[in-house]
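**Q** According to my numbering, numbering within the sequence shown proceeds without interruption in unit steps and concludes at 255.
Don't read these hints as lab results, they were simulated from the structure. Only a predicted model underlies this, so the values are computations on that prediction, with no experimental measurement involved. All residues carry an ideal CB built from backbone N, CA and C; glycine is no exception. A hint or two may mislead.
[As the list claims (entries may be wrong)] Using C-beta positions, here's what the derived DEER-type ranges look like: (1) Pro-45 to Gly-119: 19 to 25 Å; (2) Ala-219 to Leu-173: 22 to 28 Å; (3) Pro-147 to Ser-35: 31 to 37 Å; (4) Asp-131 to Gln-94: 31 to 37 Å; (5) Ala-58 to His-170: 31 to 37 Å; (6) Ala-146 to Asp-23: 30 to 36 Å; (7) Gln-24 to Asp-209: 53 to 59 Å.
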Amino acid sequence: MTTNTSSAFESEGFRRARPRAADQVADHLRSKIYSGALEKGVKLPSEKDLAVYYGVSAPTISEAIRALSALKLVEARHGSGTYVTAESDSVLAQALQAVVELEKVDLESVLDLSDLVYGKAVSLGVERATDDEIRELREAAEGFRAPTHSETEHAAAIERFMSALVQISHNSLLIAMSHFLTQKHIALAREAALISSEMWGKVARKLIDERLAIVDAVARRDAAAADSAIHAFLVRGRQLVLSNASKAAGETPTA
């Protein structure tokens, strides 16, 4: 198949270079962090010592450290050294954000994945939630009764409840995914100006009963009721969000 060729590919050809030393060092350090050999909070050897260990120059180590810093795996602290700061949330968020940008993922697609994550979290939470976690979930749900006056307060209340909701699953992957999805859900709505600050509060308060139904079902360890409650919450929440999106776009909302 013939396609238009960019001038970027019309030179004398591509010469593949051997892997750069900085990339190799960064890859090795990254594998140590991911495997847990270098745990969060650990201070790395000095750049001089790392240069000796890897048999490379100090500038090469500096370049490798900058690459890891960009991935939020390490943090160079002036006058103190470089520390491992890897958080599963941030690592997963970067990967998912790349997919969102490459595939032009929209708000409704984020809601689709959210339904799966939160549905599974509640299913697991029926058996795994501690009494303290259920109390926190109830307090987060009841918190929507209090008046809020800014978009920041609305977002914080939503994040608190959704975080508590998935925490009861005791599943690290679901928890990490939930953090990203909640942030992305809010960010996409803001970017598209789908929901005003005032509307955030109205939408949140309309779901108080659905939130408390989830809490009550989990507290009773009633799997069927919990499944029904989270489904009702997600469906109602989606209807409210997309209805407001349609209004903001000047369209007639669908049932």
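**Q** Take the hints in turn and mark each one as holding or not.
**A** To see whether the hints hold, each was checked on the structure:
Separated by about 45 Å at the C-beta atoms, Pro-45 and Gly-119 break the suggested range of 19 to 25 Å. The supplied range of 22 to 28 Å is met by Ala-219 and Leu-173, whose beta-carbon atoms lie about 25 Å from each other. A C-beta distance of roughly 48 Å is found between Pro-147 and Ser-35, which places it outside the suggested range of 31 to 37 Å. Asp-131 and Gln-94 have their C-beta atoms about 35 Å apart, which keeps the hinted 31 to 37 Å range intact.
The hint said 31 to 37 Å for the Cβ distance between Ala-58 and His-170, and at roughly 44 Å that hint is violated. Look at Ala-146 against Asp-23: about 51 Å separates their beta carbons, and that is not inside 30 to 36 Å. Our hint of 53 to 59 Å for Gln-24 and Asp-209 holds, since their Cβ atoms are close to 57 Å apart.
Figure legend: structure checked against the earlier numbered hints; hints not met, in rising order: 1, 3, 5 and 6.
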